[in-house]
Amino acid sequence: MATVALPAATPRLRSGPVEWLRSCAVMARWQLASLRLFIPMLAAVEVLAGVGFVLGFGLFFTSRVPATSVVYCATGVPVITLYIVGLVFLPQVVGMQKLAHTYEFLQSEPVPRSAGFVSWYAMNLLVGVPGMVASLIAGWLRFGVSLHVSAAVIPATLLVCLTSSAIGFAMGHAVAVPMVSNVLAQVLNFVAIGFSPIAMPAGQLPDWLASLNRGLPFGSMGTIMRSALGVATPDSVPGAYALLAGWTCAGLLLAAVAVMRRG
Amino acid sequence: MTSVNGPAAGVALPKQAAEEVGTPVTATWTGSGLRLCVTDLRKTYKRGGVVANDGITLEVAPGEVYGLLGPNGAGKTTLVKQVIGLLKPTSGTIHLGPHDLVAHPSVARQLCSYLPQAPLPIDALHADEAIELTGLIRGGEAATVRRRTGELIEALQLDSWRRSLGTRLSGGVRRLVGFAMVTVSPGAVVILDEPTNDVDPLRRRLLWNEIRRLGERGCGVVLVTHNVLEAEKAVDRLAIIDHGRLLAEGTPSSFKVESRDQLRLHLMLRPDAPDPEMPGLVIRSSRTGNNLVAVIPEADAAVAIAWARNLVDAGTAEEYGLGATTLEDAYIKLTGRASLDGENGGS
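Protein sequences appear in the order of chains A and B. Heads up: the first sequence begins at 14 in my numbering, then just goes up one per residue. Heads up: the second sequence begins at 207 in my numbering, then just goes up one per residue.
The hints are simulated quantities; they were obtained by calculation from the structure and are not laboratory data.
Pairs of lysine to any residue residues, derived as SDA-like cross-links and limited to a Cα-Cα distance of at most 25 Å, are as follows:
1. B:Lys252 / B:Pro277
2. A:Lys111 / B:Val256
3. B:Lys252 / A:Leu119
4. B:Lys252 / A:Val190
5. A:Lys111 / B:Gly377
6. A:Lys111 / B:Val313
7. B:Lys294 / A:Arg27
Chain A residues, not near chain B, derived (Cβ > 10 Å throughout):
8. Ala56
9. Ile206
10. Pro214
For glycine and all other residues, C-beta sits at the position ideal for the given N, C-alpha and C.
Using the sequences and the accompanying hints, generate a full structural model.
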């Protein structure tokens with residue numbers, strides 16, 4: 014029988030920013046390791062979907078694709094590849110954890126709840142950014158779109174991922190029934206792709222839908238990304254940043270209430 | 207354990223279980239630590255209004271292995287989920303040393319380790335990686351965690367699966383890896399919900415050794431189980447809970463004081479045999495499947511054996527065994543139901 018040297022029976026209580034950063038780092042390691050079977054596949058799907066969306070977009074048109082549509086496609090598809098992990102995949106994984114009864118173990122881990130979110134955010138970036146880059150390259154090659162990538166692409170990318178992660182995290186944790194959160198995520202994705210001014214100008218939408226979209230985050234995601242890629246946009250860029258910040262705060266607030274709720 | 211076997215092979219599962227569990231526990235912790243105090247804990251679920259805990263009060267000392275026994279739905283898991291901070295009590299208090307765990311669930315998560323009954327999320331993790339990462343999440347120093355991971359793998363004889371992914375582990379091995387995950391950097395209180403589920407007898411014994419070692423090093427161990435025979439040998443004290451209430455609490459021996467002059471007669475009935483008519487000497491009896499257990503006065507042992515032999519000769523029973531009363535008998539008396547062991551044919 015091996016002799017196992019145990020640490021002290023009374024562990025010290027941990028708090029403060031250094032411990033928080035440590036918790037974030039180790040939770041990110043856990044997240045990446047736990048999803049290592051999915052991450053390469055998911056990243057590949059993101060790249061293929063981004064490229065496929067751009068190439069397939071041209072097939073909607075029998076003649077030359079209008080210049081405006083080309084620009085919206087080339088700048089909108091990267092946004093879709095960025096938000097899809099946080100908005101769709103994240104609540105699905107949380108739902109799977111609930112169905113597999115592993116959720117409670119993860120909730121009992123002695124780390125700040127925010128560390129769990131940060132680890133998800135890191136994974137969203139890791140999986141989403143390659144797809145975003147691939148779709149930008151595909152847009153340039155397919156349509157010859159000339160984009161001017163500015164430094165603002167960094168905060169735009171970070172914020173799109175942050176907003177989608179916050180909303181997805183909130184849905185995953187706040188909605189008790191996994192099936193409901195999964196359907197909700199799919200509906201949001203459907204609305205974002207087909208009925209929001211991400212990959213099309215708001216002017217092409219019915220007035221009521223354009224008005225509705227002014228309060229939703231999807232159009233603003235497109236606005237800040239187009240601005241960062243050097244495309245003139247009719248919408249206020251600071252306003253779009255502010256709206257996304259608001260959605261991020263709302264998502265994080267709802268998520269905080271959900272993960273700290275005790276039945 | 208005294209055991210007198212009938213004509214067929216002996217049905218002495220208590221002895222077998224005793225061998226699995228090993229020698230009885232003696233807590234050796236004499237240092238300081240945090241005492242878990244649960245006072246008048248009540249939990250009523252809002253949905254359905256089910257009263258899961260109804261005024262439970264108990265204490266677990268540092269270094270003590272404390273068993274929570276009770277049938278399914280008794281309220282054991284609800285109780286420990288409140289300790290770990292996953293559920294909020296309707297009323298009552300939970301303190302660990304000076305810390306109010308109800309008011310500060312994040313402190314509860316840091317000071318308590320919890321092995322739930324449900325599977326752990328390790329499908330994509332290597333066994334040693336899962337243990338090590340959990341140790342780091344629990345705040346352990348990297349070098350200490352790595353060393354103790356290796357030691358736990360050796361102690362639980364998991365070396366063959368050290369680099370196996372969770373998807374390739376059997377249920378029992380996954381359970382042992384889960385145990386190692388929650389004890390690699392143990393809290394002041396370690397809560398283990400059915401830790402031996404699916405574990406083979408050999409490694410079950412190793413697991414009990416490690417559980418006792420946690421106690422010896424000053425951890426309070428709360429062991430949730432409905433396996434009474436194992437608990438009898440493994441815990442320092444125990445509580446029997448049913449319908450959300452704490453029915454009795456004490457050492458395993460104290461539960462058997464009342465029945466020191468009694469014996470338990472175990473009969474393995476033939477499948478589908480009707481309940482035999484009980485002789486007047488039987489104090490109480492219970493049947494689970496084909497297992498019939500009757501508690502009899504020690505003075506009437508000869509008469510009881512003759513009755514049992516007649517049942518075997520008549521073809522009503524296949525075999526019988528006579529032994530000292532166990533905690534199981536006290537459990538049946540208190541809850542009116544056999545434990546898991548009874549269901550599995552223990553006597």
